[in-house]
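Top line first, the protein sequences correspond to chains A and B.
The opening residue of the first sequence carries number 1 in this note's numbering; numbering runs sequentially from there.
The opening residue of the second sequence carries number 1001 in this note's numbering; numbering runs sequentially from there.
Worth flagging that the hints you see were computed from the coordinates, not collected in a lab.
Be aware that one or more of the hints could be misleading.
Derived pair list, reagent style SDA-like, types lysine to any residue, alpha-carbon separation capped at 20 Å [stated by the list, open to error]:
| hint | chain 1 | residue 1 | chain 2 | residue 2 |
| --- | --- | --- | --- | --- |
| 1 | B | Lys1020 | A | Ser9 |
| 2 | B | Lys1041 | A | Pro40 |
| 3 | B | Lys1041 | A | Arg22 |
| 4 | A | Lys49 | B | Lys1064 |
| 5 | B | Lys1020 | B | Pro1008 |
| 6 | A | Lys49 | B | Ser1043 |
| 7 | B | Lys1055 | A | Ser99 |
| 8 | A | Lys49 | B | Pro1086 |
| 9 | B | Lys1041 | A | Gly8 |
| 10 | A | Lys58 | B | Arg1103 |
| 11 | A | Lys49 | B | Lys1055 |
| 12 | B | Lys1041 | A | Gln45 |
| 13 | B | Lys1064 | B | Glu1022 |
| 14 | B | Lys1041 | A | Lys49 |
| 15 | B | Lys1041 | A | Ser99 |
| 16 | A | Lys49 | B | Ala1002 |
| 17 | B | Lys1041 | A | Lys58 |
| 18 | B | Lys1066 | B | Val1019 |
| 19 | B | Lys1041 | A | Lys68 |
Listed next, the stretches of chain B that the computed footprint assigns to chain A, with coverage defined by at least 3 CB atoms under 8 Å from CB atoms of chain A [as the list claims (entries may be wrong)]:
| hint | region |
| --- | --- |
| 20 | 1012–1020 |
| 21 | 1072–1083 |
Quantities reported herein were computed from a predicted structural model and do not represent experimental measurements.
C-beta: ideal position from N, C-alpha, C; glycine also.
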Amino acid sequence: AQSVTQLGSHVSVSEGALVLLRCNYSSSVPPYLFWYVQYPNQGLQLLLKYTTGATLVKGINGFEAEFKKSETSFHLTKPSAHMSDAAEYFCAVSPTSGSRLTFGEGTQLTVNP
Amino acid sequence: GAVVSQHPSWVICKSGTSVKIECRSLDFQATTMFWYRQFPKQSLMLMATSNEGSKATYEQGVEKDKFLINHASLTLSTLTVTSAHPEDSSFYICSAVRTGSGRTEAFFGQGTRLTVV
C-alpha cells in the first residue's frame, strides 16, 4: 500500500520568497513520485516527476523537488515565488509510471504581493 | 504533450437523472484510463480503473451500478452517474495512460464539475 502526507494544507509566502511545499510518502516498493498543480475548476498539470536516476528533479515554471529515500520525502521548492504560482499543489505516488496515483491532501499556496 | 479531453466541463442536472461524462485521448490510444473524484477542498480519490474491452475495476466503496464506466474504444471512456443525487456533486477527473517508446505516462483531462440540484 502507498500513502502520501502533505504537511501544511495552507502555505503563504511573499512574492519573491522561497516556496517550500512538503511531501512525505509511504511505499512498500520503489515509488514513482509526482507533483501536480491545480488551478480553480481545472484539471491537473504535471510539474515534475521522479522515476529513477537523479534524485533532484527539475520541473516546469522553476520548480524542483528532491527525492530523499532516507527521509521518505519529496519536497517541492521554488527559489522565488510569483503571483501566478498561487494554486493548489498535490503530491502523488504510484508503484509504476502510468499506474493509479495516490494523492496527498493538497497544499493551497497563497502568494502575497 | 499528449492531450486528454473531458466533456462536458461542467453540468447541472436534476436529482434522479443520469449524466454521462466523456474522456477522450485525442492524439494517442489508451488501453487504460482512470476516473477520480474530488470533493470541494479535498484531494482526488480514485473511483475506478477503466480498461478497454473489459469491465472496469472499482475501488472499495464505489457503487459500480451507480457509476457506470464504458471503455469501448482505445480513445474513449465514459462515466455515467445514474440517478444522480446532490451528494454526487463533485469534480470528476479522468486520466489516460499512454504507452510507447519504452515509456508509460498518465495524462489528465481538465475535469468535469457536476452539480446535482
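Mind checking the alpha carbons of B/Lys1041 and A/Lys68 for me, to see if they're no more than 20 Å apart? violated, 28 Å
Can you confirm whether the C-alpha distance between B/Lys1041 and A/Lys58 stays at or below 20 Å? Outside the cut-off at roughly 28 Å; violated.
Verify the proposed pairing of A/Lys49 with B/Pro1086, using a straight-line Cα cut of 20 Å. Outside the cut-off at roughly 36 Å; violated.
Would the hint linking B/Lys1020 and A/Ser9 be met if the CA-CA limit is 20 Å? violated, 32 Å
Does the structure keep B/Lys1064 and B/Glu1022 at a Cα separation of 20 Å or less? With a Cα-Cα distance of about 17 Å, the restraint between B/Lys1064 and B/Glu1022 holds, given a limit of 20 Å.
Pairwise hint evaluation, A/Ser99 against B/Lys1055, where the allowed Cα distance is 20 Å at most: holds, 17 Å
Quick one, are B/Lys1041 and A/Pro40 close enough, alpha carbons at most 20 Å? OK: B/Lys1041 and A/Pro40 at ~11 Å, within 20 Å.
Pair hint A/Lys58 and B/Arg1103, alpha-carbon separation not exceeding 20 Å: Distance of about 19 Å is within 20 Å: holds.
Compare the distance between the alpha carbons of B/Lys1041 and A/Gly8 with 20 Å, and conclude whether the hinted pair is satisfied. holds, 14 Å
20 Å Cα cutoff - pair B/Lys1041, A/Lys49: violated, 24 Å
Quickly compare the C-alpha distance for A/Lys49 and B/Ser1043 to 20 Å and report which way the hint goes. At roughly 18 Å apart (the allowed maximum being 20 Å), B/Ser1043 and A/Lys49 satisfy the hint.
For A/Lys49 and B/Ala1002, compute the direct alpha-carbon distance and say whether it is at most 20 Å. With Cα atoms ~16 Å apart, A/Lys49 and B/Ala1002 stay inside 20 Å; holds.
Violation of the numbered hints given earlier is confined to hints 1, 4, 8, 11, 14, 15, 17, 19, 20 and 21; the remaining hints are satisfied by the structure.
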